[in-house]
Amino acid sequence: MRLQHLLLAAPLCLLLVSCEGRRAPSAGAPEAGGESAARAYPNPRPKPEFTLTDTEGRPYAFRQETEGYVTLLFFGYTNCPDVCPVHMANIAAALHKLPDAVARQVKVVFVTTDPERDTPARIRAWLDHFDPGFVGLTGTQAAVDSAQVAMHLPPAFREDSVGGTYLVGHSAHVIAFTRDGMARFAFPFGTRQSEWAQEIPRLVAYPDQP
Amino acid sequence: MKRLLACLPLLAACAADRPVLEVRDAYGYQPVLGDVAAVYFTVENRGRAADTLQGADVAGAQVAMIHEQVTEGDRAEMRHLDMVPVPGGTVLVLRPGGLHLMVEGFERAPVAGDTLLVTVRFASGDTLLVRAPVLAYGDEPR
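These protein sequences, in sequence, are chains A and B. With numbering that gives the first Met the number 0 applied, the first sequence closes on residue 209, and no number is skipped along the way. With numbering that gives the first Met the number 0 applied, the second sequence closes on residue 141, and no number is skipped along the way.
Hints are not guaranteed to be accurate.
Once the Cα atoms are required to be at most 20 Å apart in a straight line, the calculated DMTMM-like pairs of lysine to aspartate or glutamate come out as [what the hints assert, rightly or not]:
no., chain 1, residue 1, chain 2, residue 2
1, A, 96, B, 138
2, A, 96, A, 194
3, A, 96, A, 198
4, A, 96, B, 139
5, A, 96, A, 127
6, A, 106, A, 66
Think of the hints as simulated: they come from the structure by calculation, not from any bench.
Build the full structure now, drawing on both the sequences and the hints.
Next up, the structure:
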């Protein structure tokens, strides 16, 4: 049996590895922390200073506006049908299940990496689908790129696709700042609602355990 | 005897060394702003011969493209794929954060509770129809 079965199994294993193996963090990326979905940054970084424009057209100084809040920062774009809405929906669902006293200590900030297509009105409508309290930010491509560089992320980029459309690369992680203003954890794609519901109170209570 | 007869198509498929395809577990998400949706499904090739997923059509939508969300370290990138090999004896799972069918140009934006009719095309000429229930983002399939 064996050789034939092994030969049959090999491509399946390869396929599974190729599907599952992409979450391995690269050098310098946050490290997985035990059972938790959160990956702790080996060297927590302070909240960066950048000013973008919110969906009401007002300047939004990220560091000042979010001071004292647990801040979940995500770079994405509204034409993304896969990672971006799944992250937003899962965070929203977890926040809606948590006590108000916990949820109101959290700010969720979405920065578009596609300012050309993502108008403030479009970002607002997209975020409202998940939670009207989520903050949406945009700016010039250079300003948005700078915000990512400030977070030590490579700037998002555009890739032409078929039919004159284009795809946008971006970070898949949600960056979590604790209330002391330090980026301590990254939440990879695949973090489930139940994991968010467990982790958000820990972020609020940090450095204590809830 | 009945059992033997039931096995005949399978035996014939094996003897002909053809791909034997099944598409199942399809679902999609309601497009947030009505314009861009993702659809997922699983392809199993129980045959010995390889086939290639070439694309799919969604009834009532102008565009359906296979995209791959590649996540390396903390970076996500979407890539358009013209085809995806499905070797004999393997299962290809389209799932969030991996492969998905990006669907655009809806005649009427689907909402949670609707069902999309998805025709999946293979290089062998096989086309398989599957029903994809539409979920809201945040709902977990099944």
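The hints, checked one at a time:
At roughly 14 Å between alpha-carbon atoms, residue 96 of chain A and residue 138 of chain B fall within 20 Å of each other, so this suggested pair holds. A distance of roughly 12 Å separates the Cα atoms of residue 96 of chain A and residue 194 of chain A; the hinted pair therefore holds under the 20 Å criterion. A hinted pair counts as satisfied when its Cα atoms are at most 20 Å apart, and residue 96 of chain A with residue 198 of chain A qualifies at roughly 13 Å. Distance check on the hinted pair: residue 96 of chain A and residue 139 of chain B sit about 16 Å apart at the alpha-carbon level, within 20 Å; holds.
Using a Cα cut-off of 20 Å, the hinted pair residue 96 of chain A and residue 127 of chain A holds, with the two alpha carbons roughly 17 Å apart. Annotation: proposed proximity of residue 106 of chain A to residue 66 of chain A holds, straight-line Cα distance about 10 Å (limit 20 Å).
In this structure, every one of the numbered hints holds.
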